[in-house]
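Student: Below, each chain spelled out in residue letters.
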Amino acid sequence: MPADAISRAVSPLQAKPVLEVVGVAKSYGHIRALEGVTLDIHAGEVVGLVGDNGAGKSTLVNIIAGAIRPSAGTLRIEGREVAFASALDARTAGIEAVYQDLALALDLDIWANIFLGRETLRPGLLGRLGWLDKRAMQRRAAEELGRTAIRVGSIRTRCRALSGGQRQAVAVARGLIWGSRLLLLDEPTAALGVEQQAKVGKLIEAVRARGIPVILVSHNMPQVHDLCDRIVVLFQGRKIADRPASDMTIADIIACITGAGITGTREMHA
Amino acid sequence: MSDAPTPSREAAMPAPAARRVSRAASLEFLSRAGELWTLAILIVLIAIFGILSPDFFSRASWLATSQFAVEYLLLGLGETFVIVTGGIDLSVGAILGFSGMVGAMVMRAMIYRHVATDLDLIAGIASALTAGTFVGWLNGQAITRLRLTPFVVTLGMLSMCTGGIYLLNNGGNVGTIPDIVGTLGSFAIGGWLPVTVLVTAVFAVLSALLLAETRFGLRTYAIGSNPQGAARAGIDVRKHLVKIYMLSGFLAAVAGLMVMARFASASVQAGANDELDAITAVVIGGTSLFGGRGTVLGTVIGSFVITVMVTGLILIGVQPFWQQVAVGAILIFAVAMDQLRDRLLDAF
Numbered sequence: 001m002p003a004d005a006i007s008r009a010v011s012p013l014q015a016k017p018v019l020e021v022v023g024v025a026k027s028y029g030h031i032r033a034l035e036g037v038t039l040d041i042h043a044g045e046v047v048g049l050v051g052d053n054g055a056g057k058s059t060l061v062n063i064i065a066g067a068i069r070p071s072a073g074t075l076r077i078e079g080r081e082v083a084f085a086s087a088l089d090a091r092t093a094g095i096e097a098v099y100q101d102l103a104l105a106l107d108l109d110i111w112a113n114i115f116l117g118r119e120t121l122r123p124g125l126l127g128r129l130g131w132l133d134k135r136a137m138q139r140r141a142a143e144e145l146g147r148t149a150i151r152v153g154s155i156r157t158r159c160r161a162l163s164g165g166q167r168q169a170v171a172v173a174r175g176l177i178w179g180s181r182l183l184l185l186d187e188p189t190a191a192l193g194v195e196q197q198a199k200v201g202k203l204i205e206a207v208r209a210r211g212i213p214v215i216l217v218s219h220n221m222p223q224v225h226d227l228c229d230r231i232v233v234l235f236q237g238r239k240i241a242d243r244p245a246s247d248m249t250i251a252d253i254i255a256c257i258t259g260a261g262i263t264g265t266r267e268m269h270a
Numbered sequence: 001m002s003d004a005p006t007p008s009r010e011a012a013m014p015a016p017a018a019r020r021v022s023r024a025a026s027l028e029f030l031s032r033a034g035e036l037w038t039l040a041i042l043i044v045l046i047a048i049f050g051i052l053s054p055d056f057f058s059r060a061s062w063l064a065t066s067q068f069a070v071e072y073l074l075l076g077l078g079e080t081f082v083i084v085t086g087g088i089d090l091s092v093g094a095i096l097g098f099s100g101m102v103g104a105m106v107m108r109a110m111i112y113r114h115v116a117t118d119l120d121l122i123a124g125i126a127s128a129l130t131a132g133t134f135v136g137w138l139n140g141q142a143i144t145r146l147r148l149t150p151f152v153v154t155l156g157m158l159s160m161c162t163g164g165i166y167l168l169n170n171g172g173n174v175g176t177i178p179d180i181v182g183t184l185g186s187f188a189i190g191g192w193l194p195v196t197v198l199v200t201a202v203f204a205v206l207s208a209l210l211l212a213e214t215r216f217g218l219r220t221y222a223i224g225s226n227p228q229g230a231a232r233a234g235i236d237v238r239k240h241l242v243k244i245y246m247l248s249g250f251l252a253a254v255a256g257l258m259v260m261a262r263f264a265s266a267s268v269q270a271g272a273n274d275e276l277d278a279i280t281a282v283v284i285g286g287t288s289l290f291g292g293r294g295t296v297l298g299t300v301i302g303s304f305v306i307t308v309m310v311t312g313l314i315l316i317g318v319q320p321f322w323q324q325v326a327v328g329a330i331l332i333f334a335v336a337m338d339q340l341r342d343r344l345l346d347a348f
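First to last, the protein sequences are chains X and S.
Residue 1 is where the first sequence starts when you use full-length UniProt numbering, and the numbers rise one by one after that.
Residue 1 is where the second sequence starts when you use full-length UniProt numbering, and the numbers rise one by one after that.
The shape of chain S in the complex, shown without the other chains:
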């Protein structure tokens, strides 16, 4: 069999085993190091802003930054799962606004009918979460049944939900919601930990565990890495993808509730264009747009890179619009790094 006629590389080069192992080890490091440099960028940003503005390490600055991060992070969590499968969800910002509006209108209707306060809060939360999860289910069904690309389906859903937000209340905001919502939204435990940040942190930890430690997470990576291979391994890819988009919709609805709590009302503008920041946070965090690779921790860091820059630039007196310029540049750099890494790994 050694005289096999297969055209192959230079006949049997005696590759020293030791060298091969060390090369594999360095490639292995390369394939894992992707998430680290985002953390380095975040630390550098914090150091620069800290030096330029002593106020940067104040409580007010932390509260502003962390509450700002809540919105992008919650959307980014769901988006991480979606992008790891090799998909994209452009509808998360619209789902945020839509489910927030649904929840607020349910609360308002119950307040007008003098239903007990605890009940209107619970019913509002439940209907917002149901609305978001349902829209995610629709996304998943359209993608898997109609065999459309996630880009097209969620772009369509973005448009439909945005229209829906205005149609629901004739383009008006809803401010008649239980007082407790606004109270919780502006309350910070011990003065430092806003309730919305705590809720977001809990979801971030749960998401990190779900992606890294469970069968669901492992299969999410597998589908993004090789969908046919995953199917051959006995995974119901279609069902799994529907669950992924439902999760994304659910987390967008949670974000909708957090935004509603922060402003003590549901705005027709809530969530508009948020999907771009969420996707940016995910990609900056080292998640590959080609699927198969990414971590929740990376997304957390990516969200803070985006939000630290906004508060930091305001504090040092630079026009905050520079944040968008800088974030865009970091995004392009992140994707370039990702592709370079892949090329190096495949050139084995």
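For reference, chain X alone in the conformation it holds in the complex:
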């Protein structure tokens, strides 16, 4: 493990990685969705995870989020090995995933969506009866949303009355509040207009500013190139590139994704 750390000293940050993915593989019968992927994520880093459809992005994200169990390999959080049995385990460890389809309950208010599954209860006997502390949740939700760049109006608005960008903001805010260690964003802007994409970009900057690393899965290459510090490319279940975004042009990224750039690319891992 110390040797491992030295070999990874290329990272701008010397501290222990927040997340280490070591030799992770996943197969479904004969199909290998993921083969020996190794990846470090450091504090305050925005890592773009790109690849063609079926390259293994979703599988990797779902393994990190605890939704899928890997066939081989390990995950370490701040150096400690973890084995997630469910998404709940990953969340307890401070890893939050924001999925493409948002997973918001549109009939619930903004604050309720942010606290769903982790509701704050009143103290004492009422709390034991399951009585919600709505005020505390609303106050905290308003605070947290206030820290993000996006305005959504009242915290007591039903999510159905929000625009696509605002719904995305709520989903990201939920990830922000609970994702104390790592935020996974799976195609956060796929359904959004240009203006709203820019807002989500601002949100990601805000997360980075807090020192929480972000893994961004996206098909939007200009966005990935602009927002990410580092870009990881998956090709047919393998990691074929892992480089600072400043080292790559958009054309380079696309070449890697399509497999055209494999021979010409100096890989950074053994």
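All the pointers check out, no bait thrown in.
Residues on chain X that point at chain S, a partial pick, calculated with CB under 7 Å:
hint : residue
1    : L88
2    : A103
3    : A105
4    : L106
5    : D107
6    : L108
7    : A112
8    : L116
9    : G117
10   : E119
11   : G130
12   : W131
13   : L132
The hints are simulated quantities; they were obtained by calculation from the structure and are not laboratory data.
C-beta: ideal position from N, C-alpha, C; glycine also.
Take the given structure of chain X and dock chain S to it, following the hints.
Tutor: Positioned in the frame of chain X, the structure of chain S alone reads:
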């Protein structure tokens, strides 16, 4: 990133923030206003009947209306929870009859064996509530384990329980129950507040608090709104749904006891077809059949819309069958309004 290739709406229209906020506010009002018009209908009905028949505001009229409402309201309370999750419980009327019959038969058996009176009352109530809750548990298990739609499972349960009512006592009614049951069932506190209405009011308040103020209620809405999202948020959807159907069964059993008290016997006809009125009361009250939205207060108002019409029509000398016609029309109107509201909200 502003030159993103994503096909989007007309490139970055400068939407004035103020206009967007006011539009959001009006949509917000629209999404909440649904329960209000039911109250307006109820008030109009009461006004019309009050004008046409001076007897409408009499004690007798109130006692008849409120005691009549007990049955639909108790079933409607459980049905509200079920429908908010996006399900339906067609078996509530049959559970009412079945659990009432179970309770009455336990009481009768203990009376025949000369067990102390207090005990036979308690044992009868307990067995009725257990029977109703158990049938609800079966509903929940079948829906979540066999992955069947609530419609199919509870339709099957409706049939099974209806058969069960007749099988239990060979198709006969049970009138041998402790006298206190009938006494309580016909007693009105201060002449105005029947015991059955008081019991129902207590359950209505508890249900309203459970749905609106507790974690259980919030998760009920979440499941009806987005089951996958609820599961991702760490909610055990399966367990929650089983509890919901158990609650519905339990409240149907309470209704069974109230009906037994009112008639001082358990009838094989008790509860028959009640599920339709209960569902109607819930839907008229603004609860969406698609789940995710609804209130207990709406169901209370909806139950009274149904029952006020029956007593009102009788008092003004119109055939009460018109009540069914009117309730059906209001039901269709309610669902149409609900869908219109959704379309307006989604057209954002």
